[in-house]
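Undergrad: Please take these sequences and the hints and turn them into a complete structure.
2 protein chains.
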Amino acid sequence: MPASSPSSHSPTLPGLSPPTHADVIAAAGRLKGHAVVTPLLESPLLNDQLGGRLLVKAEVLQRTGSFKFRGAFNRISQIPEVERANGVVAFSSGNHAQGVAAAARMLGIKATIVMPSDAPAIKIANTRAWGAEVVLYDRWTEDREAIGARISSETGATLVRPYDDPHVMAGQGTIGLELADQADAAGATLDAVLAPCGGGGMISGIALALSGRLPETKIFAVEPEGFDDTRRSLVAGQRLANTPGASSFCDALLAATPGILTFAVNGEHLAGGFAVSDAEVGRAMAVARDHFKLVVEPGGAVALAAVIAGKVAIEGRTLAVVCSGGNVDPAVYQRALSEFGI
Amino acid sequence: MPASSPSSHSPTLPGLSPPTHADVIAAAGRLKGHAVVTPLLESPLLNDQLGGRLLVKAEVLQRTGSFKFRGAFNRISQIPEVERANGVVAFSSGNHAQGVAAAARMLGIKATIVMPSDAPAIKIANTRAWGAEVVLYDRWTEDREAIGARISSETGATLVRPYDDPHVMAGQGTIGLELADQADAAGATLDAVLAPCGGGGMISGIALALSGRLPETKIFAVEPEGFDDTRRSLVAGQRLANTPGASSFCDALLAATPGILTFAVNGEHLAGGFAVSDAEVGRAMAVARDHFKLVVEPGGAVALAAVIAGKVAIEGRTLAVVCSGGNVDPAVYQRALSEFGI
Numbered sequence: 001m002p003a004s005s006p007s008s009h010s011p012t013l014p015g016l017s018p019p020t021h022a023d024v025i026a027a028a029g030r031l032k033g034h035a036v037v038t039p040l041l042e043s044p045l046l047n048d049q050l051g052g053r054l055l056v057k058a059e060v061l062q063r064t065g066s067f068k069f070r071g072a073f074n075r076i077s078q079i080p081e082v083e084r085a086n087g088v089v090a091f092s093s094g095n096h097a098q099g100v101a102a103a104a105r106m107l108g109i110k111a112t113i114v115m116p117s118d119a120p121a122i123k124i125a126n127t128r129a130w131g132a133e134v135v136l137y138d139r140w141t142e143d144r145e146a147i148g149a150r151i152s153s154e155t156g157a158t159l160v161r162p163y164d165d166p167h168v169m170a171g172q173g174t175i176g177l178e179l180a181d182q183a184d185a186a187g188a189t190l191d192a193v194l195a196p197c198g199g200g201g202m203i204s205g206i207a208l209a210l211s212g213r214l215p216e217t218k219i220f221a222v223e224p225e226g227f228d229d230t231r232r233s234l235v236a237g238q239r240l241a242n243t244p245g246a247s248s249f250c251d252a253l254l255a256a257t258p259g260i261l262t263f264a265v266n267g268e269h270l271a272g273g274f275a276v277s278d279a280e281v282g283r284a285m286a287v288a289r290d291h292f293k294l295v296v297e298p299g300g301a302v303a304l305a306a307v308i309a310g311k312v313a314i315e316g317r318t319l320a321v322v323c324s325g326g327n328v329d330p331a332v333y334q335r336a337l338s339e340f341g342i
Numbered sequence: 001m002p003a004s005s006p007s008s009h010s011p012t013l014p015g016l017s018p019p020t021h022a023d024v025i026a027a028a029g030r031l032k033g034h035a036v037v038t039p040l041l042e043s044p045l046l047n048d049q050l051g052g053r054l055l056v057k058a059e060v061l062q063r064t065g066s067f068k069f070r071g072a073f074n075r076i077s078q079i080p081e082v083e084r085a086n087g088v089v090a091f092s093s094g095n096h097a098q099g100v101a102a103a104a105r106m107l108g109i110k111a112t113i114v115m116p117s118d119a120p121a122i123k124i125a126n127t128r129a130w131g132a133e134v135v136l137y138d139r140w141t142e143d144r145e146a147i148g149a150r151i152s153s154e155t156g157a158t159l160v161r162p163y164d165d166p167h168v169m170a171g172q173g174t175i176g177l178e179l180a181d182q183a184d185a186a187g188a189t190l191d192a193v194l195a196p197c198g199g200g201g202m203i204s205g206i207a208l209a210l211s212g213r214l215p216e217t218k219i220f221a222v223e224p225e226g227f228d229d230t231r232r233s234l235v236a237g238q239r240l241a242n243t244p245g246a247s248s249f250c251d252a253l254l255a256a257t258p259g260i261l262t263f264a265v266n267g268e269h270l271a272g273g274f275a276v277s278d279a280e281v282g283r284a285m286a287v288a289r290d291h292f293k294l295v296v297e298p299g300g301a302v303a304l305a306a307v308i309a310g311k312v313a314i315e316g317r318t319l320a321v322v323c324s325g326g327n328v329d330p331a332v333y334q335r336a337l338s339e340f341g342i
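Note that the protein sequences, when read in sequence, are chains A and B.
Mapped onto the numbering used here, the consecutive letters of the first sequence carry residue numbers 1 to 342.
Mapped onto the numbering used here, the consecutive letters of the second sequence carry residue numbers 1 to 342.
Remember, identical chains collapse to one label, so a pair may be satisfied in a single copy or spanning two.
Capping the alpha-carbon separation at 20 Å, the derived lysine to aspartate or glutamate pairs in EDC-like fashion look like this:
{"id": "1", "residue 1": "Lys-32", "residue 2": "Asp-181"}
{"id": "2", "residue 1": "Lys-311", "residue 2": "Glu-225"}
{"id": "3", "residue 1": "Lys-32", "residue 2": "Glu-42"}
{"id": "4", "residue 1": "Lys-110", "residue 2": "Asp-48"}
{"id": "5", "residue 1": "Lys-110", "residue 2": "Glu-81"}
{"id": "6", "residue 1": "Lys-311", "residue 2": "Asp-48"}
{"id": "7", "residue 1": "Lys-218", "residue 2": "Asp-181"}
{"id": "8", "residue 1": "Lys-311", "residue 2": "Asp-191"}
{"id": "9", "residue 1": "Lys-110", "residue 2": "Glu-154"}
{"id": "10", "residue 1": "Lys-218", "residue 2": "Asp-184"}
Bear in mind the hints are in silico, worked out from the structure with no lab data behind them.
All values derive from a computational prediction rather than experimental measurement.
TA: Put into structure tokens, the structure is as follows:
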């Protein structure tokens, strides 16, 4: 299949359909008291520089250091009692791994996580520290979905997909509900919301959350350059894959194609997408450090990068961005800031 | 006067007496909707390592990047209408400067800030960005209090002291009220609270806040080595000065002696103090980065450092620390983490 051909005109996942706004509301109920209601931050000095109002949803402060805990907990907490003894299995480059491991530990369920051997060391170490068994694989020669499916069929463990799962999408969508409440409390009317996009789980959940609340707010996906499959798919009106061979230090956002369920939502609800370079991401990481006092990993900083790099107009407008994760190896963080940030 | 002799047995500030618990409650009312209710963060993985429960009050997320906004706003918002046109003046190494500048801007009052010429560049730049006029002085040859008093007498501007002011102390104390509420919501019973201490404004306010709420909770001041005047004064039962000549990169905590009003409170309410080295602070800055995703300046990290360095027992106990500020020059931050943190 050529890289940029549609992978399917109307693909489906057997037995699964996208969640609804009501599912996001229900997820918020399940997460209450378990997930952190992360703050919506603002820097008046940065606003002065930008000539508009920028609100930052600080998901780096979420349990496990990224938004992924929300979807994982919403999914795992709904596994029927009789199936829990078989555990859960997931494949992930790191943030979903930690989210699943933490949610499973909180719910007393064994977790096995399939991770690429070149994932950030901090992500592998923390996944193990949460009590999960980590199975490493080679990103270039092995198929993580096949490994996950094999473990699931051998052990009966429930597979917790990173994005193409309605409960996971609904869980991530709780970010959007909080964002709407918090913007309201801050007296802000959101012209647009931008969020990082890998497989599209978070942005689709946010879109569903806001569709019932803020129908006038435009929602944009932001991806690394070379991995802007969702941006291009939105333009084409069908799921396109990335051209192999690109590289980016945004390890969390390297999905090859939009998800099936996520694109069903995103194709309908998103206003478009933006792609940002590693240098633009590095500068955004420095802005997060200096103006918001937040440590943001590369993949977590792409939406902020789109604003700082001027991809979207902010003058006289109010934008919100999600800074979605902060799990970056110290050496990578230091190098990114030294190279691009100062 | 020898450096370690008492500066006075029972000194007073004319017309001023320390605030009460009720004053802290009143301050919280004034700050509502103006200051950020900063989150109380927790890292289960770090708790596992420490064998206890550690809660982090993230004042780096406060408006202007440090707790100082609270006291400044509580003070300035009480200036009578007829005196507001004369403006305010303050002396500060940087965080109080920004707090006063931001509060003054929000209240439509002109601010003049006297800052040492070697203050962190980010602190000077941000103070100007908040609209204040900055007057630089030489820390080694000039007397900032005299410069502040002169400007005040020439212009009629109200002097906003950095800590020895009951309204400033009460404002900082609102941290303690939030901490008590948030610990309660987290099901935590606090064995002890540790906070950074320069002149002692924040720790005294927290002590007053908790005295009516959590009388069993021990409260400790943490200072840089060589600047542990409050720790030694608590032992001696009277205000002692630091021995000149010490150095520390904790620029926010270099006060020469405890304040008069602050020590009146601290002498009665604190359980003691700890001193930490620059290396211990650097490691705490790395812990804040890796476990809490927070950028903490050296002076803001001393209380966390006391816990991480094992100065206070945490095994089987619940401690809270205030990370009080995040205004660190990028190069200093990078260097501290490279030298001590990774």
